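Chemist: The listed protein sequences correspond, in order, to chains A and B.
Residues in the first sequence are numbered consecutively from 1, following my numbering.
Residues in the second sequence are numbered consecutively from 1, following my numbering.
No lab work stands behind these hints, which were simulated from the structure alone.
Model, not experiment: these values are computed from the prediction.
It is possible that part of the hints are untrue.
[Said to hold, decoys possible] As a list, the in silico EDC-like pairs of lysine to aspartate or glutamate whose alpha-carbon atoms are at most 20 angstroms apart:
hint : chain 1 : residue 1 : chain 2 : residue 2
1    : B       : Lys54     : A       : Asp140
2    : B       : Lys54     : A       : Asp142
3    : B       : Lys48     : A       : Asp259
4    : A       : Lys67     : A       : Asp140
5    : B       : Lys54     : A       : Asp22
6    : B       : Lys48     : B       : Asp104
[Stated by the list, open to error] Here are some of the chain B residues that sit facing chain A, going by a computed Cβ distance under 10 angstroms:
hint : residue
7    : Gln22
8    : Ser47
9    : Leu49
10   : Ser78
11   : Trp79
12   : Arg81
13   : His83
14   : Pro94
15   : Ala96
16   : Gly98
17   : Asp101
18   : Gly105
19   : Leu120
By construction, the Cβ of each residue, glycine as well, lies at the ideal position given by its N, Cα and C atoms.
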Amino acid sequence: MSRRVALIGTSAIPIGRHQTADNEALQVLEHEIMTRLVSEAVRDAGVNKEDIQSLVFTLPRPYTRQKYFHTFLMGQLRLACRGSVMEVMGNGMTAALAFDKACDEILLGRAEVALALGINMESAVSAAEHMMSSMRTTGDVDFHTSAGFTPIAWYAMDATRYMHEHGATREQLGAVAVKNRYHASLNPLAQYRKLITLEEVVSQRPIVEPLGLYDVPPRGDGAACLVLASEEVAGSIGRPYAVVRGRGFCHDGSHQISDVPNDMIAFTSAQQAARAAYGQAGITAADLDLAELYAPCTIVEVLVSEAIGICARGQGARAAFEGETRLGGRIPVSTSGGLTSRGHPAYVTSLYNYVELADQLRGRAGERQVKGARLGLATGELGNYNAALIHVLEAMP
Amino acid sequence: MSNATQLAIVPVAGTLSYPPRQSAFTQAFWSGLREGRWQTTCCEDCSKLTFPPKPVCPHCWSTRVAWRPLGSFGTLYSWTRIHAAPSVFASEAPYAVGIVDLADGVRLACRLTGTESFVLAPGLPVEMLVLLYEDGPLFAARPVRDDTPS
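With the rest of the complex left out, here is chain A (with noise of 0.2 angstroms):
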């Protein structure tokens, strides 16, 4: 039998405001949080130092004032290792892409335990400036950012979109943020966790027409570790665990728009994504327990919902307002809060998710717990989904 990928073991500090202000007295430095959230999942995990072989660093914002964080963590570690020690980057994949690569480190038999973790602090530079960032990120820097064009700015294009096709309406987006900020208030590592009504979600200011405040994801630090481990030694080890059953990536070949027009709330990256990871896993969509999508906007979430085949094409936003994707309905999506509630630490977003499926999988969720769940899917993304990351996750108890 070819070697599996376990998940074994995980830690994280709640989303919210973590970074100080310049100005401040006391500052809060990333790597003593990041070294606590080592020690934390290598205890839960059950493993020993010596066995990490292996890490995948997220990269940090630019406003981590220590650079090379990760060789600098090894230090602070006294972490020796002869598999691979590397950040990675993919914008918003960055987190799918750490955990992708650290399942690489097993099975190339470079390490039996791998760790994938990072930290994102940005929560003190104002969303203005952080802008003048991230408008360069998606889309020709000179051909659209000289536009005014923004990030969430796509996603509000889908929406307006999806509406037209469709004739979803503003309330049927917006129940996949009321529904999300339930599951948020049952998270503890959530950011925003106090319940919302659909009345109040339609009536937010506008932030990029047809999506208001609680449509689009707020902005908050956070850091997260995952063990992953060898099926071998995760069965050694005589925890429940969750391992690898199925990964799909594709990359369209767009960024953000194709000149050559195609329909883009298909969301074919991350369909033929899904389809890839299904068809290793040896199941389908109807299989799945639940689903962490990486869905910065409410909009996206019912768009991938309808790429990885757990909603019908048009039906997405009909069944998050029908109660199909909250707990306890037909498939519980985004159990932990997604991106709108839980939290958007862009970099790190993903690790979350991750966490969520680990949570479940184990049947360690508390009052959020899918009973049963026994496969989950977690998937990142790039540009306006121009590249999808898709892994299947089995419980193993």
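Given chain A's structure and the hints, the job is docking chain B onto it.
Modeler: Just chain B, lined up with the frame of chain A:
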């Protein structure tokens, strides 16, 4: 250039909020645009148009590309109005942007202008134009009435 497409030029007070860079290759586009010339590159091997203009054909990777006029009319594929803007664009917010499908088969994204008396919606006919700031041009689109295409 023969058969050149001439866009309307609308002068705008002030300077560009985030000026595009020009290269030895793209300066033909931007300096042409300043005079209202609307063009992109076409591959001489596979005959495909691409936008923005590129020195290497993205379809067949040929480096034999030539400038060709683009059509000035199209339809709106989608749009949004940006209220939360990066600091350099804050004084312009809210502003509308959109995705335009040109009649000659090219899709692009640009600023929308002259939208006041229109209900913006996918499918709306639009016309490309040049916004000429004091320090350079931007291409943009404005809605047109179905029966008055100019």
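Chemist: Confirm or reject each hint.
Modeler: Results for each hint:
Simply put, Lys54 of chain B and Asp140 of chain A have alpha-carbon atoms about 12 angstroms apart, close enough for the 20 angstroms limit, and the pair holds. Our distance criterion of 20 angstroms between C-alpha atoms is met by Lys54 of chain B and Asp142 of chain A, whose separation comes to about 13 angstroms. Note on Lys48 of chain B and Asp259 of chain A: the hinted pairing holds, with a Cα-Cα distance of about 11 angstroms set against a maximum of 20 angstroms. Restraint check for Lys67 of chain A and Asp140 of chain A: not satisfied, since their Cα atoms lie roughly 28 angstroms apart, outside the 20 angstroms limit.
At most 20 angstroms may separate the alpha-carbon atoms for a hinted pair to count; Lys54 of chain B and Asp22 of chain A exceed this at roughly 42 angstroms. For the proposed pair Lys48 of chain B and Asp104 of chain B, the alpha carbon gap of about 11 angstroms is at most 20 angstroms, so the pair holds. Of the supplied interface hints, the one on Gln22 of chain B holds, with its beta-carbon coming within about 8 angstroms of a beta-carbon of chain A, less than 10 angstroms. For the restraint placing Ser47 of chain B at the interface with chain A, the shortest Cβ-Cβ distance is roughly 13 angstroms, beyond the 10 angstroms limit, so the hint is violated.
For Leu49 of chain B, the shortest C-beta to C-beta distance to chain A is roughly 8 angstroms, which falls under 10 angstroms, so the interface hint holds. Here the hint on Ser78 of chain B is kept, as its CB sits about 4 angstroms from the closest CB of chain A, short of 10 angstroms. Taken as an interface hint, Trp79 of chain B checks out: its beta carbon lies about 6 angstroms from the nearest beta carbon of chain A, inside 10 angstroms. The interface hint given for Arg81 of chain B holds, since its Cβ lies 4 angstroms from the closest Cβ of chain A, which is under the 10 angstroms cut-off.
At about 5 angstroms, the closest approach between the beta carbon of His83 of chain B and any beta carbon in chain A falls short of 10 angstroms, and the interface hint on this residue holds. Contact between Pro94 of chain B and chain A, as hinted, is supported at the beta carbon level, the nearest pair being about 8 angstroms apart and thus within 10 angstroms. Contact between Ala96 of chain B and chain A, as hinted, is supported at the beta carbon level, the nearest pair being about 8 angstroms apart and thus within 10 angstroms. Contact between Gly98 of chain B and chain A, as hinted, is supported at the beta carbon level, the nearest pair being about 7 angstroms apart and thus within 10 angstroms.
With its C-beta approaching chain A no nearer than about 5 angstroms, Asp101 of chain B sits inside the 10 angstroms limit, and its interface hint holds. Against a cut-off of 10 angstroms between C-beta atoms, the interface hint on Gly105 of chain B holds, since the closest Cβ of chain A lies about 7 angstroms away. Annotation: Leu120 of chain B was flagged as interfacial toward chain A, and the flag holds, the nearest CB pair being 8 angstroms apart, inside 10 angstroms.
Violated hints for the displayed structure, listed by number in ascending order: 4, 5 and 8.
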